[in-house]
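J.: In case you want the letters, here they are:
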Amino acid sequence: MKSIIDLVYLVPLFPLIGFLINGLGRNYISKSLSGIIGSAAVLASFIVSVLIFNETRAEAFTATTVNLFEFINVAGLNIPFAFQVDQLSALFLLVITGVGFLIHLYSTSYMHEEASHHFARYFAYLNLFVFSMLLLVLGANYLIMFIGWEGVGLCSYLLIGYWFKNNEYGNAARKAFVMNRIGDLGFLLGLFFIIQQFGSLTYTEVFTQASGMFKGDSILVVITLLLFVGATGKSAQIPLYTWLPDAMAGPTPVSALIHAATMVTAGIYMIARSNILYTLAPATQVVVAVVGLATAILAATIAIKQNDIKKVLAYSTVSQLGYMFLGLGVGAYTGAVFHVMTHAFFKALLFLGAGSVIHAMHHEQDIRKMGGLSKKLPITHITFLLGCIAIAGIPPFSGFFSKDEILVHAFAANPVFYIIGLAGALMTAFYMFRLYAMTFKGTFRGTHEQEHHLHESPWQMTVPLVILAFLAVVAGFVGIPELFAADAHRLEHYLAPVFKLSTEAAEVHHVEHSTEYILLAVSLTLIAGSIFFALNRFSKNPETGEPEGFGKVLANKWYVDELYNNIITKPLNGLGVFFNRFVEKSGIDGIVNGVGKGVQWGGRQLRLLQSGQVGSYVLWMVIGILLLFVITIKFL
Amino acid sequence: MEITQILFWFLSVLAVFGALMMVTSKNPVYSVLWLIVVFFAISGHYILLNAQFLAIVNIIVYAGAIMVLFLFVIMLMNLNAETEPQKNKWLKIAGVVAGCSLMLVFVAALRQSDELLKAPVSMGGETGLIKTLGKTLFTDYVLPFEISSVLFLSAMVGAVVIGKKGD
Amino acid sequence: MSIFFLLLQQELLLTAIIFVLLFVKLSTKQWNSQTVLSFVNILLVVNLAAGFFFKEKGTLFGDMFQTNDLLRFEKNILNLGTLLISLQAYNWLLKHKHAIEFYLLMLSTLLGMFFMLSSSNLLMFYVGLELASIPLAALANFDLDKKRSSEAAMKYIMSSAFASGLLLFGISLIYGMVGSVNFTDIAVAASENPLFLFGFILLIAGFGFKISAVPFHLWTADVYEGAPVAVTSYLSVISKGSMLFVMTSVLSTVFANLLFQWYNIVAVLAVLSMIVGNLFAIRQQNIKRFLAFSSISQVGFILIGMSGANIESHSSVVYFVLVYLFSNLAAFAVINVISEASGKENIDDYKGLYKTNPALTWVLAIALFSLAGIPPTAGFFGKFFLLLGGASKGNYLLIIVAALNMVISLYYYLRIIKAMFMDANETPVEKLAISWSPKISMAVCMAGIVVTGIISGAYEYIYSLLK
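Residue numbers (our numbering), protein chains in the order written: chain A, 1 to 636; chain B, 1 to 167; chain C, 1 to 467.
Mixed in with the good hints, there may be bad ones.
Said to hold, decoys possible - Chain C is faced by these chain B residues, among others (derived, beta-carbon under 10 Å):
#	residue
1	20
2	21
3	22
4	23
5	25
6	28
7	41
8	105
9	112
10	143
11	145
12	157
13	158
Quick caveat, the hints were computed from the structure, so don't treat them as lab data.
Don't be surprised by glycine CBs; every beta carbon is placed ideally from N, CA and C.
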């Protein structure tokens, strides 16, 4: 039977075609046409994704692998180019293409000031990104995932550096790429270990074999830790998180798509996909949970003192990603995926709202120069507020359900996790409403000219806001906890086949309903308190000065960037300078330069043999031979 | 001690001494002359090994033609002890140390090899004659021989191109 | 008799071309240089195409010459690279007085490499190697009026002579121990005897010089910088590639008994080459010098693949050389065009290139991405297979060092990409009109980078040849 599942290759194919058209024809097609092509490509993918999603909801549906062509088949290692359609990938498809389409639509208006070939280039990159991301989630083995994984990194690099005018943007782009690459190393090494251990990279084979292994097997711990290193790079966790806030140098819709809704969740997807490996490696799970929690707290504290509207959202993203890892670490795979979904909605909403504000303010991003925007930008204001409520975790908004699910599982695993997680949630509510109050409440603090030009954004920008706001409000209802209604957690039910092996292997922690009620009451009271405090504090007396004392440490992001710069970048550059200056310049060139110039050319020819340059070549060769001999004798 | 052994030691000492003098003498003309001594000593070794043809060719080509060319170059360019560029002292020392270590390693490897105790392969008096050599060269080793001709051709082409620089 | 021609087809065809060119040069008629160059390029295309039509394998001249499917394929790779370089050099040679001599020298080195590849004893190997090295010095001097070029030639010939001396000493020691220069005899007699090992190490030093592995690499940067761009690309791709082919097969067949010893040697050379190549590349200003150090670190990666010592790793080396050929030649094609038109060779001169020459920028960027090993370019798959080959020995430390170096290398490749795309420049390279021949060459390289990556059939094909 020919079903829509067999046409799954269409999903990544459309954006690829869009990329090719926009990329190759960027000098020939008009702005509006390239916008339409870019958006239509993603819309087409979205429609196919919806149809696929519908198939996967059927009771009788089982995970299907669609083989496209032979990819690598040598020496017992068989890696086909195949796509795996199951509940997890279908859900991600829906989020990527859905949110992706809205952001494409938004971009057609947001980027309208660009020159036409730049505009087409922008859409080409954006389509290429969607293509890579789809490859990442659709791949039926780790290699295809890795190709998509690197592909999204590459597109992110291109898009952050999109505005070429500014040198700082270029550096931010490079930092993002190199940091990602450090993580990728872990992934790559993990792949080698998987090949060594299982002789395959195909999910189904690896997971079936793994489920027969002992819990806590050391090779599994090594593999999962290496994969986790990859995840920390892409999903901006400690210690590789500093690139994400810098990546805000890119255009705002890009931040919304790549650095909030999709790419950064790739790490979550990877771990959720390999859930059985993690369940069988409890040691790694603890590491994942602790790193996630630490990131959540650290990023939240930094966000409190940031004044750039996008930086606050960036740190908030890092912090929310930390929650997702906490969820993965305590075995709440459904909760983590749930949070990915709701976070994609509300964070994309917040970023696009911020973009709308920045658009209205003529590229001003400092919230100290905003205020009182609620009257001038009514739609943006309302949707942004809904987003803030959702991320703060007020029921019945979506963020509440997903975050609560993670926190309850954290409590079951270890109450300390819960307490720290709750502290982070309080800070989240605090800094989000600080941001909201500083931007929309109080009086306007910008220039007169800016005030004069304030306007609501066109429909291409507000429609996505409204749709996302709607989703941010209602998306939580797919995962109502058992506490409120029995069997109402439809997402858990839907995803159950994906996490089946893990559920069988894991010990079940159970939390009493009464305890859950108490937890809920405590957290809601605290969060509400923190929101009111923030609203009161910042609506009337916004902090416009420079922070002092501990606030300064926070504003400077705990000086982590400086630390990295001093312990990694500088020594590396220094070593390069050292080699260049001392070994090359004074050692070798110096000798040459010291030799008298202006002698006859012929004499120079002979002299070169003696000038020390060739002599030093020979010297090093001899030393090399000695070295090789020593090695050989030593290992004899 | 047989006469061949005495000759062997004499030639060896002469070759090593000549090489040392060639490297250390300040005047390039002396260096070339010492190098000629080395070539003669080595030709003597060839004769001891029954490679008469090789010995003669070595003297004609190396000691004769090539060395005369060297002398011409040195004299035409008027190179002498004064125009010799100053060498880096440290490089010299490092070179001597590294060279000596390599020598040491080589000698140590030689001493450990029991191969030396095996009887040397003795060649008949016919081995090095032109006739035998020619036969081998044009039967077993014809391919390398022909490739060498291509090598000479291309070396010639290269030399001509570089030489025509001024035109 | 016919089998003789079939087996020697690639070598004979090349020799025939050399002699045709010789007669063209010597003829009294003054040929138009455009006609001559087109004629040569057509001959090279024929030379490349002909290599694919024959499948015979066997030995000739006793044990002097052998050929098989893998060797044919490797020679085809070298033929392809030579053709691409010839196309890139078209504009440069058009103005050069000695274009025919350029081809005479280049094709004789290629012939030398072919014999070196097909050698089955050390004598043939050495003769082929010399034929592949000595004319290269004259080629390095081909920018006749530039001092740097002469200097490069001088340095190359001197250090090459020293390396040959070492190699010859090693060969003579091995001959002294085994009593034969035949590969099969040596393979049987290979032992852990210190004297034999000493000869073996000298042999490896000779290899190391030609592939410019650290610490035998010092000539590389100076020669690459001084030599004309076409010659630099020939040195860095063809000359190096042929030696890598020979080294891989010699180590894994002739010295299989000494696997344990050479594994450690190759591992140390690999680590040194990667680290030193990368650290030096970070601060280079001249783009040819930069590529010299980048190629040194690439060799480090190849050595890791080589250390695997099985069929998979052997094919990964051949595959990577193919990928490396496309990537490096694409980069050199761009450098050649820019250097030819404006004489600019510094990385700072490449700032703002995107504004004036977007197509060239993209070609160079994709080439650098491939060299850095970013999927989906072929460079990623090349490195993937190399590391996979190296990992089969279970030495994960080596793999981790390699992976770390991949990150460092990305850092400096991005430096150039950033300069081209993002940095402002008041005097950028003006908009260049690119003629057809470099265009073809770039198109082939780009297609190669994409196709050999996504369709990994190339790797499987090489693997099947080895089996």
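J.: Compare the structure with the hints numbered earlier in the document and write down the numbers of the violated ones, lowest to highest.
T.: 1, 2, 3, 4, 5, 6 and 7
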